[in-house]
Structure formats: structure tokens, C-alpha cells
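**Q** If you want the building blocks of each chain, they are given just below.
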Amino acid sequence: GEQVEQLPSILRVQEGSSASINCSYEDSASNYFPWYKQEPGENPKLIIDIRSNMERKQIQGLIVLLDKKAKRFSLHITDTQPGDSAMYFCASGAKLTFGGGTRLTVRP
Amino acid sequence: GGIITQTPKFLIGQEGQKLTLKCQQNFNHDTMYWYRQDSGKGLRLIYYSITENDLQKGDLSEGYDASREKKSSFSLTVTSAQKNEMAVFLCASSIGLGGQNTLYFGAGTRLSVL
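Chains as they are written, first to last, in my numbering: chain A, 1 to 108; chain B, 1 to 114.
In short, the hints are calculated from the structure, not lab data.
There's no promise every hint is true.
Stated by the list, open to error - Computed beta-carbon distance windows for the label pairs:
| # | chain 1 | residue 1 | chain 2 | residue 2 | range |
| --- | --- | --- | --- | --- | --- |
| 1 | A | ALA29 | B | LEU60 | 32 to 38 Å |
| 2 | B | ASP38 | A | ALA70 | 45 to 51 Å |
| 3 | B | ASP54 | A | PRO82 | 38 to 44 Å |
| 4 | B | LYS22 | A | HIS76 | 25 to 31 Å |
| 5 | A | LYS68 | B | ASP59 | 41 to 47 Å |
| 6 | B | PHE27 | A | ALA29 | 39 to 45 Å |
| 7 | B | LYS57 | A | GLY83 | 18 to 24 Å |
| 8 | B | ASN26 | A | GLN14 | 29 to 35 Å |
| 9 | A | SER9 | B | GLN82 | 23 to 29 Å |
| 10 | A | LYS69 | B | ASN26 | 29 to 35 Å |
| 11 | A | GLN58 | B | PHE27 | 42 to 48 Å |
| 12 | A | ASP27 | B | ILE50 | 31 to 37 Å |
| 13 | B | THR77 | A | ILE10 | 29 to 35 Å |
| 14 | A | SER28 | B | LYS83 | 40 to 46 Å |
Said to hold, decoys possible - Listed below are the simulated DMTMM-like cross-link pairs for lysine to aspartate or glutamate, each with C-alpha atoms no more than 25 Å apart in a straight line:
| # | chain 1 | residue 1 | chain 2 | residue 2 |
| --- | --- | --- | --- | --- |
| 15 | B | LYS70 | B | GLU15 |
| 16 | A | LYS95 | B | GLU69 |
| 17 | A | LYS37 | B | GLU69 |
Computed from a prediction, not measured in an experiment: that's the story for all the values here.
Virtual Cβ for every residue (Gly too), placed ideally from N, Cα, C.
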């Protein structure tokens, strides 16, 4: 099945700085790439997604980039706040295979 | 809006025991999923179902059974609990299968095996 690699697994940044998470996938037929955020003790929730007909999408402080040739996509969180501290998951493929997750901690 | 309800929230079992986890959704979604999440790690697909009475194996189906007897409910059975096993089982649903459809997750069932 589809394999999705997500890096880094742990990310610590200072409040106000940017955080970047990278994912790579194998299935060249994948055309939808969502990102889910899971806050401590909560269930994962969709925060942003991008379809294969786009290279860049921004919703407020969240930016997603997609490079279909390289089979990579990334999430960039600008001006991070303590409330951004959570687990983040990328996903790809027809059955939505998830990456291993990134635990982001934003230090005040 | 809809909601996904998973029961129980916490499940403590004995080694070798058969354990059943339940999930109900009122989104009227066709597709439902069971994922396993180990501490601080990613989500691995155990089973999914694209409609009532349909069952499809995910990457982690060995050691599990599932049942989709109604559109609104999807249950997962751990056929023989493994000693010291600890994980969170997340149920999810979507309008259609995976890609391009938002998954809505339940709050999870936390399993501990003594």
C-alpha cells in the first residue's frame, strides 16, 4: 500500500517563529493531501488540504506546498503560538495513508 | 453538525481476551474507518467499510475483526488481546472513501491489556 514519510517526528520552536513539516509519498496517482491536527487528549481534525491541481494554498497562518514531481508536500505554520502545540499528521493516497506524525511544541 | 461516538472510552482487558469496541456516527456517512494510534505515533488503518455490510482490510488487520451491520455503526473486535498492549483506537467516517473526503474522528477508545 501507499507509504507516507513525515519528518521531523519532533519539532520545538520559539513562539513567533515558523515551523515546517515535510511529507513524501509514493503513489503518483495521489491527488489529495490533507493535514490533520491533534491537540492533547483530542481527536484529529482537518486543518488544511491541497489538491493536485494546486502548488500552494494558504489559510491564515497555514501554508501548504505541493511538489508533485518530487512527490513531496509540506506544511508551514507562520508566527507560531503556544496553541499550535499539537501532533500534526499528513496523509495521502486513495485510502488516506497517514504519516507518522510530528509533535510540535511552541515555547513561549 | 454530526458526531462520532466511541464506546467505551477506556477498556482494560486481560491477555488473550476478546474485546469489542463500538462506534456510532450520525453524519449519514457511507464510509467508516478504524485506526490504531500507538503513543505519540501515526495512525494505522485496521479496517474500513464503504457501505453497510462491506468490510475492507487495512494495513494492520491481522488480529482484528470488524462488523458494519448498519450504516451508522462500525464495531472492531480485538480477537486476542496481547499482554502489555496499550493503544488508542480511533473511529472515523467520511462521505466517500478516503482521498478528497474529510475524515471526522471520534474521541477514541484507550486500550490497556494487563
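**Q** Determine which of the earlier numbered hints do not hold for this structure and return their numbers in increasing order.
**A** 1, 2, 4, 5, 6, 7, 8, 10, 11, 12, 15 and 17
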